[in-house]
Structures are given as C-alpha cells and as structure tokens.
Amino acid sequence: MGLDRRGFVKIVVGGVAGTLFTPVIWKSLDDVSIWSQNWPWIPRLNKGEVKSKAALSKLCPAGCAVKVKTVGGLPFAVVGNTANPLSKGGVCPVCAAGAQLMYSPARVKSPMKKVGEGKFEAIKWEDAEALLVEKLTALKGQNGKIAAINGDETGSAGEVLSGLLAGLGNSGCYMMPGEKFVAEKGVKLMGGSGQPGFDIAGSDLVLMIGADALDSWGTTVANQKAFAATRPTGGVATAKFVYAGPVLNHTAAVSDKFLPVPPTATAAFALGLANLLINAGAVCSAPDFAEYKALAAKYTAEEVEKATGLKAESMKELAALIKAAKAPLVIAGASFGQGAGALDFVAGASLNVLLGRVGGGMTLLPAAPKAVAGAGASDKDAGSFLADVSTGKAAPGVLLVYEANPAYALPQAGDMAKALGNIAFKVSFSTYMDETASLCDLILPAPHPFERYDDNLNPYGVAKPTYLAGKPVVQKPVADCKDPVDVLLGAAAKLGLSLGFDTYADVIKAKAKALGADFDALVAGGIWTGEAKGGSLNLGASALAKVAMPKADDKTLALAPMSNQAYGSATLATPPANLLAVRDTELSGKDLFVQMNAATAKKVGVAEGARVKLSAGKGELKARVHLNEGVAPGTVAVLLGFGRSAWDEFTKGKGDNVYKILTVSDEAGTGLKVWAGSTVTVAKV
Amino acid sequence: MAHGATKEFKVTWGMVIDLDKCTGCGACMTACQVENNIAPMVDASNKMRTLSWMLVFELSNKKSGAEAEVAYLPRPCMQCGNPACVPVCPVVATEKNEEGGIVSQIYPRCIGCRYCMAACPYHARYFNWEDPIFPKGMEKALSPSTSARPRGVVEKCNFCHTRFMEAKDKARQEGGNPEGLADGAYMPACAEICPTGAISFGDVKNKEHKVFDLAQGKDAFRLLEKLGLNPQVYYVSKREWVRKLGDNYAATGKPGAAKKHS
Chain S
1 MGLDRRGFVK IVVGGVAGTL FTPVIWKSLD DVSIWSQNWP WIPRLNKGEV
51 KSKAALSKLC PAGCAVKVKT VGGLPFAVVG NTANPLSKGG VCPVCAAGAQ
101 LMYSPARVKS PMKKVGEGKF EAIKWEDAEA LLVEKLTALK GQNGKIAAIN
151 GDETGSAGEV LSGLLAGLGN SGCYMMPGEK FVAEKGVKLM GGSGQPGFDI
201 AGSDLVLMIG ADALDSWGTT VANQKAFAAT RPTGGVATAK FVYAGPVLNH
251 TAAVSDKFLP VPPTATAAFA LGLANLLINA GAVCSAPDFA EYKALAAKYT
301 AEEVEKATGL KAESMKELAA LIKAAKAPLV IAGASFGQGA GALDFVAGAS
351 LNVLLGRVGG GMTLLPAAPK AVAGAGASDK DAGSFLADVS TGKAAPGVLL
401 VYEANPAYAL PQAGDMAKAL GNIAFKVSFS TYMDETASLC DLILPAPHPF
451 ERYDDNLNPY GVAKPTYLAG KPVVQKPVAD CKDPVDVLLG AAAKLGLSLG
501 FDTYADVIKA KAKALGADFD ALVAGGIWTG EAKGGSLNLG ASALAKVAMP
551 KADDKTLALA PMSNQAYGSA TLATPPANLL AVRDTELSGK DLFVQMNAAT
601 AKKVGVAEGA RVKLSAGKGE LKARVHLNEG VAPGTVAVLL GFGRSAWDEF
651 TKGKGDNVYK ILTVSDEAGT GLKVWAGSTV TVAKV
Chain P
1 MAHGATKEFK VTWGMVIDLD KCTGCGACMT ACQVENNIAP MVDASNKMRT
51 LSWMLVFELS NKKSGAEAEV AYLPRPCMQC GNPACVPVCP VVATEKNEEG
101 GIVSQIYPRC IGCRYCMAAC PYHARYFNWE DPIFPKGMEK ALSPSTSARP
151 RGVVEKCNFC HTRFMEAKDK ARQEGGNPEG LADGAYMPAC AEICPTGAIS
201 FGDVKNKEHK VFDLAQGKDA FRLLEKLGLN PQVYYVSKRE WVRKLGDNYA
251 ATGKPGAAKK HS
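Residue numbers (my numbering), protein chains in the order written: chain S, 1 to 685; chain P, 1 to 262.
Next comes chain S alone, as it looks inside the complex:
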C-alpha cells in the first residue's frame, strides 16, 4: 500500500501536532535558555547557614556598631544593630560595603619588605617582626629617633603606640588631623577642659556652621538617627536644622535652611550671629560677656554681608529662629572634618555659652582612664611633625604609621610624601596598600575590622562618654595579617619592655574594666555610656579678638573641600561597591569635577565642563568645572577622596587629590596649624 496524499498530510499534521504537545521541545528550549547563561565564569552563590554577628566596623572615621551577616561563616552583608543605642540600626555607606572590602584587591596580603623603588617582596612574619625589633633596638633610648603617626583617635591602640615609644625613650607620637584635637584646644581657650559633646537629640534647633553633621561630621549615623527622630514621615517636625557652610551638601539638603558661608568666614559669621542675638536681648553670666559683646558689635550683619556675600536679612531671620527656640544648639567645624582653627570652634561654641546651652546641648566629657601605663597625651599633630621632618628640624630614624595615610591626607600632600623620604625606615601597619604604605620600607598588614579586636572610646561628637568594642567575626583573616597591637606588644617584649599586656584583646578588656564596662556585653554589640561632667565655659572673648573679617580677593577663590562619606576617607579609598554612587558630574572617566556657582565661574572666566588648574603653595590640581548654585560665592568646592596613587584599579589615577592644594597657615593667637580657610587660584588649561 502506497502513501497517498491524504496519508502524507495526516502524517505531517499529526507530527506537527504531536511535537507541539510533547514537552520535549519546550523543555529543550528551556534548558538551552538556562544553560546558555550558565557559564563556568559566572560566580556561584555560597551555601550554608545564614547567621548574624555583632561587630564594630571602624571603616568609617566614627565607627558603626553593626551586625555582619555570614553564610557558611563567610561575611556577605552588613546590617544595622538595632539594639545598639549609638547606631540604632543605621549603617553608613562605607561600612555597608564592609564585607566586600575584606576582599578588596588593595589588601596587603602578607608582610612586605621594600626591595627597590615601588618594589616589594613578601616576607615571613617572623622575619618582619625581627626586622622591626632590630630597627627599634638600634635607636632605643635616643629621643626623637623613633616616631609614630596614629590615624585612629578613638582606639586604645594609640595608648599602646604611645606607651611603647615612651618605653623606648621617645615622645614623638603624632595624631592625624581631626576635629577632636582642635575642639579640645578650643575648650581650653574658653577656660574649660575635655572633649566637647553635642546633644543633637535633645535640641529643638541645631545650627551647624561648617560641620557636615549628617554626612561626615562626628558620629554621623547617630546624628542622622537624631535628625530622623525629629522628622516623622508624614508628621510634624519637632526640631529645626540649619546648615551654614560653603556648599549645599548632604546635611544642607535636608536642613530647613541653608546659608552659603565661605570657609574663610566661619568665625565671622558666628560672631555676626552673636551680635544679632545680643542686640535681641541675649545675655549671659560669663565673666567676659562685656568684652565679647564689644567684640561682636563689630560684626554687624551688614559688615558680614560685605565680607561674605551672605544677605544680612538671612542672618537676621536665623537669629530670630534661634531666639524662638527653646533648646538651640550650635555645632561648628570644618566642612570636611579637619583643618579648622580653634577660633572657628570657639566662635561657634561661644553661641552655646551665650544661649545658656553649655551642660545641656553642649557638654564636656571627663578625661577617660588609660589602660596602658605610660601612654602620653595624643595632642601633637602629624602635619607639623612632617613639616619639621622636611626642614630637618625633626630627624627620626624609624617611623611607625598606624591606620594613617599622611602621604595622601595631609595638606600639601606632595610635600608630606617627600618628607617621608627623609626618614630612613618607615613601617606601615595598614590593611590596604595605601599611598603611605607604598612609600614604607616594611608593611605589616593589619586585619580588616571584621577580623580583629578593636575599640572606640568617645568618638567625636557624642554627648556622653561612650565606649564600644568589637571582636572578630571570622575565625581566620583573609590575608596573612596580624593585629598591629599584638605585633607592637610582641616587639615590646623582645625589647625588654613590659606594657602589661600580651594582646590587644587584653588591652581592651583592661580599658573596659577601667571604665566599669562589661567587655562581653560590649563585644556582643552593646555599649557603655557614662555621664558628662559639669563645669562652665567662658565666651573665649580674648581669643576671639584675633578673628579677622575675611577680605574679598579678586585673584583667588576660597577652597572648600567637600566630604562625601560614601566616597571613603583619608585611610580608605572609595570602596568598589560605592563607585556607583559617584555622580558623572563629580567624576567622569579620570576627570574630577570641581564645583562653583555660575557667578564665580563667570568671574574666573570658565564655563561648564572647562578644564582648569587649581594651584596653591607647591600643589596643583587638575579638574573640570561643574556649575553648582549650591556653592557659596567666591568659593570652589572640591570633593575629597580622589586622586589616589596607590590602592587598586577601582580608584588609582581617578581624579585628583585636593589635599595637594590645601595650604597651612598659623592661626592668630593659638599657634595652631589651620587649612580650612585655604585659598586657590583657578586657571583655564
């Protein structure tokens, strides 16, 4: 029987229908779609139990109390610790990237010894520690020959460093710049002592002069939480926030009022406000009130307007707001957390005295007990020290650098890096290959915060004495690293010194005990708080007499470095995960954008996108221009955190480093080195 046409059509139709009904074709298509996306180079997810462990993340300057989520023991995410009263469940954008930063390509993977210009070889820990001990032994007992730079102002590691140096007959333990240092000097000028604190949560009007309190000043996350508590979504705000500073920054964006004040005029602005408040009837019992009143009278709103371009009317409105507030608070600081003078601080803090808010809004913290006997005060600044090194006034043979990056993050950074070259043997205790580590002779890798014990006493800004501590989240560090304090304590023992401890954990336990805190509760994510001390302050009138009204200058612009916490800090380049947050109006390819308003740009003769060169001192910065109406007149704003010359492919060579063009000057009357009021010349290229 042959196949007729009907039979053929039946077979074809039956076949097609059968194919459509069988799952084979659809299953195959599905498999193809899955397997065509299933390549060996697509990373697979980690399996295991998901847990959450409390940790102290000191990746940001203030430190965040967080919880680290782990899968099969490996950290993968950071969430807030809602039980911790400081962070209250918030996390800053840097600590949010903490787990990924454990695997940063910039991590120093093992001890390294310099073997040539920019060349290092990996060495064993025992050799590295022997080398350190050998160098220290050679200079033991010669004061000035061994120095240390410390970039961690809240950890007890500083005490160990300082105690070790003292044991070696040296007193050169220097701090990287920060607000705490300057504020304590300011408090002294006002007849008090101790670290000032600020109770944002207990205030109904917070005036931030320069201080970028909701992004990078003080305990940022705690500040943000205090701010948020006054702003119930959909409800009525219970406090007002005002930002007076050079740039409409993250703090200003959510404040009720923004007053553009150039960084050169912070103190003059505060005194102008004092004048308006006194005229409106403010009085106080401080012994120098009459002197202060006479001084403030020179700063009329109109005079301040002439010097800063800030409308007198705006200042008068602000004075009325302050007058109407029941619990106002003034916080003064540099817009980028360093370089302001003590007078800037005093001018702001004097308003708290005038308003009767010392003890309430502004507090003073008592001196904290020390765990390490022989540890000195941390009141010497690293910038002045390196300036002395460059002129030969200081000539150390060994420099220990702990959690600091002076080659990048000190004003006139180029000169600072050169000064480091004058020191024969430099040791860096760093987690990452930063600019300073890459100039050192020995790099001793430090663990990531999730791999180590650490503590955090009185981060600047807290209203009450506050202590946090953390323990490792992981059993074994990712790199071949050792806790720097353990290394220092080991070296001390080999040098015949006893600091009383074998490990950093022991130091922290002793510190907790001295404070009356429970170590176990602290490392489980808890907190210890004490009480602020009493005491009054005067208005600092005799110091403030040295404040000068800023003069407008046609040739230069005020330089306002701008901090954005997500973009990293002095000791941390932008985390790879945070590069996404950098706007293309801030960085495009390798070009950094500096910002100024249209009127300033016109004055300088540049337009949007123009290439410019900013110069000051011996430093130069190349960038392009982005117009931003939120920048104060006569001011150029430059983002911090770019222009890295070390680190990794994610950050190296992108943009330029604003620290290069910050210039240091001596503050009148206080002798402090200041650079928040730096000026620059801007030229088209």
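Simulated from the structure, these hints should not be mistaken for lab results. Check before you lean on any hint, since a few could be wrong.
Unchecked claim - Calculated lysine to any residue pairs in the SDA-like style (CA-CA distance at most 25 Å, straight line):
id	chain 1	residue 1	chain 2	residue 2
1	S	Lys-240	P	Asn-177
2	S	Lys-482	S	Lys-47
3	S	Lys-590	P	Gly-65
4	S	Lys-590	P	Thr-50
5	S	Lys-311	P	Gly-65
6	S	Lys-47	P	Glu-139
7	S	Lys-482	S	Pro-472
On the provided structure of chain S, position chain P as indicated by the hints.
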C-alpha cells in the same frame, strides 16, 4: 496581562520614600548592590553601562545662594500596577502575577532585546553589558539571596524578592499567615539600611502597615502619575518644587497644560 489594565492584588508591597529625610548618603545603593550581587565596575562613571537597581537622583530647584535647595530621590523599580515593561516582553521574561504585586524578572528567559528598557519611563531597568566578574576572592562575599546574572540579560530591582520568600517561610514556620505578613516582617535591603529611615516599606493596602497612611498623606505623590502606570513606590515631600518635579510630563496636571519634558 492586557495592556492598560491594573491587576489587583490583596497584598500590594510598596515603598514610601520621604525625600525630606533622604540625605543622599548612598547607603541604600551600596546595600542593594551587596544584596543583589552586582559586580563593581572599574569605570562606574560610565552611567550607560552601570547597573543601579537603586539609584539616588539629585534634584535641584535651580535657584542660587540661600534660595538654592537640593533633594535626593532614591529610585528603585516602581513595581507599577500597570507596568509598561510587561506587555512588551516578547518572551514573558517579566511578569506581574504574584500576590504582592512585584514585577518579576526571569533571567533565564530574557533574550536581551531591551524592549522593556525602552518602555520603562523610570529608567529602572538595566542591561548587563558585561559578565559579573568580581575581583579575585570577592565572590566569597556574594550574598546567598540573588543569583549572579550573565551578560546579555536585563535586570532590575525586585524589592529583594528573596527576603519576601524568607519572610513568608518564617511566617509559616511560626504558624503565622504568609499572606498577611506583619509590618516590618519583610523589608528590602535599602529600606533596612537607610540611616535616616527615609524609606518606609509595607503593604499599601493593609491598614496595619505604616505605609497605608503614608501613601495617602497630603504630601505623597508618585512619579509621572499621569502616565497611568500606577507605581507602587510613593514619595513624600513638604517641598512643593520637589512634588512638582515628580510629574514633569505636564506642568500643572490640568488638561491643556503645556507639556514639558526634561
């Protein structure tokens, strides 16, 4: 789903973002990247190639001096009630048919045609131009929540859908109702991490959830409401200029008003 129709669900997960509380810090963007295993890019300034499931925009009132104001606007996927992206997908790789109203994205089905990207007026969808290559070792820090996507597919925010499933599982284990999760039981990574609590999250149809009232507040608005896509993400701002920017299609929202694209 027929074009132009809003599919109703008993549970409608939504966000209410308080723009007067957002400082623009970017923690939400970082948390989103971490949760969803988005590989870092060496040149993230090329915004045509980046993957920003959550993106914080900067808005300006275009004034200067003391009059100048900026606001930050975090933009996740709007999980539209009537999504423009769903009907244009030729392979049904994106759907809105699960209780909760989250618009799905099914990577193995996606053929990378990018019609959905063209259709989405919020630019919330991103095309994977590169394979997800993490720096050596960083794959050990991958979140177990979200598979890494290969190049050639489109991806977007899904309100951290794995967290939704985990919350339902937890409710089942604890004898609760997985279809009626308590306020806060399910929270995307961005809302959880936000240090100012600017992002509220919950079921906008459930009176016991905070977002129910917030979404109906007098200062609440949605982006490009006039397009009729019925987004499930709401914004709140007391600032009128910010609310106005929320719908830049028509200047006044009244018939006959000048159309203004920007």
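Quick rundown of the hints versus the structure:
Between S/Lys-240 and P/Asn-177 the CA atoms are separated by roughly 42 Å; this puts the pair beyond 25 Å, and the hint is violated. For the given pair, S/Lys-482 sits about 28 Å from S/Lys-47 by alpha-carbon distance, which is inconsistent with the 25 Å threshold. Among the hinted pairs, S/Lys-590 with P/Gly-65 is inconsistent with the structure: their alpha-carbon atoms are about 30 Å apart, more than 25 Å. Among the hinted pairs, S/Lys-590 with P/Thr-50 is consistent with the structure: their alpha-carbon atoms are about 16 Å apart, no more than 25 Å.
A hinted pair counts as satisfied when its Cα atoms are at most 25 Å apart, and S/Lys-311 with P/Gly-65 qualifies at roughly 9 Å. At roughly 12 Å between alpha-carbon atoms, S/Lys-47 and P/Glu-139 fall within 25 Å of each other, so this suggested pair holds. Between S/Lys-482 and S/Pro-472, the direct Cα distance comes to roughly 12 Å. Compliance with the 25 Å bound is thereby established for this hinted pair.
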